[in-house]
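Trainee: Sequence:
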Amino acid sequence: MLSSKREREPDPAPRPVAPGLIELRGIDKTFGTVKALAGLQAAVAPGEFVTVVGPSGCGKSTLFNIVAGLEEPDPGGVLRFEGRSCHARDLLGRVSFMPQRDLLLPWRTVVDNAILALEIEGVPRRAARAEALGLLPEFGLAGFADQYPHQLSGGMRQRVALMRTFLFRRDLLLLDEPFGALDALTRTMMQRWLLDLWQRHRRTVLFITHDVDEAIFLGDRVLVMTARPGSVKLEQRIDLPRPRRPELVTEPDFIRLKRTLLAAIEEESLKSFQFAAEET
Numbered sequence: 068m069l070s071s072k073r074e075r076e077p078d079p080a081p082r083p084v085a086p087g088l089i090e091l092r093g094i095d096k097t098f099g100t101v102k103a104l105a106g107l108q109a110a111v112a113p114g115e116f117v118t119v120v121g122p123s124g125c126g127k128s129t130l131f132n133i134v135a136g137l138e139e140p141d142p143g144g145v146l147r148f149e150g151r152s153c154h155a156r157d158l159l160g161r162v163s164f165m166p167q168r169d170l171l172l173p174w175r176t177v178v179d180n181a182i183l184a185l186e187i188e189g190v191p192r193r194a195a196r197a198e199a200l201g202l203l204p205e206f207g208l209a210g211f212a213d214q215y216p217h218q219l220s221g222g223m224r225q226r227v228a229l230m231r232t233f234l235f236r237r238d239l240l241l242l243d244e245p246f247g248a249l250d251a252l253t254r255t256m257m258q259r260w261l262l263d264l265w266q267r268h269r270r271t272v273l274f275i276t277h278d279v280d281e282a283i284f285l286g287d288r289v290l291v292m293t294a295r296p297g298s299v300k301l302e303q304r305i306d307l308p309r310p311r312r313p314e315l316v317t318e319p320d321f322i323r324l325k326r327t328l329l330a331a332i333e334e335e336s337l338k339s340f341q342f343a344a345e346e347t
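Just so you know, we're using the working numbering here: the sequence shown kicks off at 68 and counts up by one.
Some hints here could point you the wrong way.
Pairs of lysine-lysine residues, derived as DSS-like cross-links and limited to a Cα-Cα distance of at most 25 Å, are as follows [said to hold, decoys possible]:
hint : residue 1 : residue 2
1    : K102      : K325
2    : K325      : K338
3    : K300      : K102
Derived Cβ-Cβ restraints for the label pairs, each shown as a range [said to hold, decoys possible]:
hint : residue 1 : residue 2 : range
4    : G210      : P319      : 40 to 46 Å
5    : D320      : G221      : 29 to 35 Å
6    : E333      : D213      : 43 to 49 Å
7    : T100      : P191      : 23 to 29 Å
8    : E205      : W174      : 24 to 30 Å
Read the hints as simulated data drawn from the structure, not as lab findings.
C-beta atoms are modelled at their ideal positions from N, C-alpha and C, and glycine is treated no differently.
Could you put the whole structure together from the sequences, leaning on the hints where they help?
Mentor: In structure tokens, the structure reads:
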């Protein structure tokens, strides 16, 4: 795979990034000859819900892997967590990360899947199970403690995976398209449930999605990423009232925001097609 002949240079004067729980300044990431990120600037404040959208292949998952401590960015950028400069590897184990698949262990019950991270951290099994059992009703899993993953619906499996992520007790939750494989009705119900959970506990959330409606409905801010190499093209604040109601998606302010975001994404998607054509 070759890098694009029209590789974009980072903006010469990047906009300032407000301090946050996590801050990324001038972040690049290269895989062989392919530049995945270029000059990425972003920050997420404590208690904020930030959603990330962009064309396919724009580096959203690479961004998440860096924040999760799974990938180290190229030298030269600045990564800060809780106000201190750090390497990406320093973040490993300091944030809760839920990938696209639920990754439940088929031989463990609901409650035993949920406590996996607590067990790894050394919490006694009895104490971990007691904590998880107390949270089952809040996660819509009351009565399902002893069920196995194959006995659950897709939405319930995602609830177990989110409960496991939540029990990891980290201030920053990284959620990578957690509802992407669900049907439309289940997805809508899960979005409302996640917002209720977030509003009760106010964990900081960074959330990847391909669904613009979902990005607007959930987020305090939406970050639109450019075509590869990825950077932040648009940072859109979502000034819509909370709690968010399902009918919000039909209201003029929501539709206006959706048009703005779709225009930005479509512009970058067109660039992606142009770059791909030049590489062939």
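Trainee: Under the constraints set out in the numbered hints, which ones does this structure not fulfil?
Mentor: 1, 7
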